[in-house]
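Enquirer: Given next are the chains, with one letter for each unit.
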Amino acid sequence: MNGIATLLAITCLLLLGSSRILVSIRMVAFQGVLLGLLPLFVSGTGHIGVSALILTVTNIGLKSILLPWLLTRALFASGARREIEPFIGFGTSILSGVFLLAVSGYIVNRLQSTAAISSSITLIAGFFMVFSGLFLLITRRKALTQTLGFLVLENGVFTTGLSLGSEFSVYVELGILLDVFVGIFLMGIMLFHIDREFDHLDVDRFNELSDLAVDVVSNEEASE
Amino acid sequence: MINHSSILICLAMIVLSPLLPGIINKTKAFFGGRQGPPVLQLYFDIAKLLRKTSVYSETTTAITRIAPFVILFSTLAAALLVPVAFRSASISFSGDIILLAYLLGIGRFFMVLAALDTGSAFEGMGAAREVLYSALAEPALFCGLLVLINETSQTSLSAIYEKLTAECWWQNPMTFLLIAVSWTIVLLVENARIPIDDPNTHLELTMIHEVMILDYSSKDLAIIEFAGAVKLAVFSSLLVGLIFSGNELSLPLQLLAFTAAMTLVAMIVGVVESTIARFRLLHVPKFIVGSGALAIIALILKLSGN
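So the sequence lines, in the order shown, correspond to chains A and B.
Under this note's numbering, the first residue of the first sequence carries the number 14, and numbering increases by one thereafter.
Under this note's numbering, the first residue of the second sequence carries the number 1127, and numbering increases by one thereafter.
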């Protein structure tokens, strides 16, 4: 359990530091596998409930096979550049990641006096994943990487939920999984359409539609 | 506290330390399908260099002349502080690893000064990189150390390593694994090994360590090469002490086990060098910060107490 939580945190750091979209997608897929294994350990060794098993299977199937496949397809179909173009450099991203990790450690440390926590390390990992998902959402330029950030964020919520309550409801989790699936599916479709409409997935350049960004267009022409 | 019997072992380690780069090169040659230079090559190099006369650039000052000696003696002093052969270090006291880190820091500082002293643009670049990378690698070393102090509630390196047994590893396998990985990266960074810096490259634009000693020749170069080998031995023995424990063995067995473990570390470095390509310079800081992040995760794991 601690091992899985640690691996989750490490995959987040790798995500913050990786410069290739394909690698990032695989990292998120790996995170999905880890996440799928987590419910099996929460209920304690020995008795593995049916609900935990269902969660495991759907989690792995959805988050590590279906969604990565969808995103990979979107990546290849869009023909976008395979490199991530962040607003904040990779080294700084990792440093911020370490800072976020410390912050989540601090938060959990403060929480410990008010709530019973089954595994504080898993909770730290959960908070850290939420934070780094948000961080990825904010600092990455491409719509595709922002989708990845959203997935990490959701994974974090899942982990946090698992570590907080010993009684997790399989229906709620399945409902959330369905939401996420539909969300990512829609995002994939939208990515495709955005790409067709604008020939790129660069969120930074979407303000072409607003009144402000006249100079963005000229910059773009200059760079090309 | 001075441990007289360890001084002899430490001296033996210092004298034998040029074997480590030899073993690394042999491993690399094995992976490359070559015969490779003999294991004793560094001794031959040093002997060759010692026979030559030094040439100094006219623009250099006294710093260039004294730097090799500062580097050598700070590294030798550092070697006295690490536990060798699973016994306590020659000199040990509370907080000795901080002195160890900063003795190596003095050596590095003078190497940087000497590099800047030559006035060469390339050496300045190498110096800047060296300083950046070692500054990034230091948190990894110290965070790992904090975990060990927390685990053993001891503050001297020898006492920490004495209490660090296989049992600690079984209790917190993840924590110690993270520290071991992050210290291995620190070893690679501090000794300018391959994913960070290529000891064989002589392209000024990408060199880090090698570029800083470009202006040295003969005896000075021999001294610096030897100090580099001792530094490698210092970091390897830190790693060996972390991973293996052999307090209860008899002295000959300890010596044997320690030699085997050091050889193993050198071979691991060789394998890493043969299987991983050198990182682009832009990616190196990311990698080093990552090693620090691993150590911090280990620290959080330890502090949140499972």
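Because the hints were derived from the structure by calculation, they are not lab data.
For glycine and all other residues, C-beta sits at the position ideal for the given N, C-alpha and C.
A couple of the hints might just be wrong.
To be verified - Derived, one-sided and incomplete: chain B residues facing chain A with beta-carbon distance under 7 angstroms: (1) Ala1306; (2) Val1307; (3) Leu1407; (4) Ser1430.
Said to hold, decoys possible - Computed far set for chain A versus chain B, every beta-carbon distance over 12 angstroms: (5) Gly49; (6) Tyr119; (7) Gly174; (8) Asp192.
Enquirer: How about Ala1306(B): closest beta carbon in chain A under 7 angstroms, or not?
Expert: Since chain A brings no Cβ nearer than about 14 angstroms to Ala1306(B), farther than 7 angstroms, the hint is violated.
Enquirer: Does the nearest C-beta of chain A fall within a distance shorter than 7 angstroms of the C-beta of Leu1407(B)?
Expert: At 12 angstroms from the nearest chain A Cβ, Leu1407(B) fails the 7 angstroms test, so the hint is violated.
Enquirer: Please verify that the nearest CB of chain B lies beyond 12 angstroms from Gly174(A)'s CB.
Expert: 19 angstroms, holds
Enquirer: Given Ser1430(B) as an interface hint, is the shortest Cβ-Cβ distance to chain A below 7 angstroms?
Expert: Holds, about 4 angstroms.
Enquirer: Please confirm whether Gly49(A) is truly not at the interface, meaning its C-beta sits more than 12 angstroms away from all C-beta atoms of chain B.
Expert: Holds: least Cβ distance 19 angstroms, greater than 12 angstroms.
Enquirer: Against chain B, does Tyr119(A) hold up as non-interface, every C-beta pair farther apart than 12 angstroms?
Expert: Tyr119(A) is in fact no farther than 12 angstroms from some Cβ atom of chain B, at 10 angstroms.
Enquirer: At a threshold of 7 angstroms, is the proposed contact between Val1307(B) and chain A supported by beta-carbon distances?
Expert: Where the cut-off is 7 angstroms and the nearest Cβ of chain A is about 10 angstroms from Val1307(B), the hint is violated.
Enquirer: Far enough from chain B: is every CB of that chain over 12 angstroms from the CB of Asp192(A)?
Expert: Non-interface label stands for Asp192(A): nearest chain B Cβ at 30 angstroms, farther than 12 angstroms.
Consistency note: the structure conflicts with the earlier hints numbered 1, 2, 3, 6.
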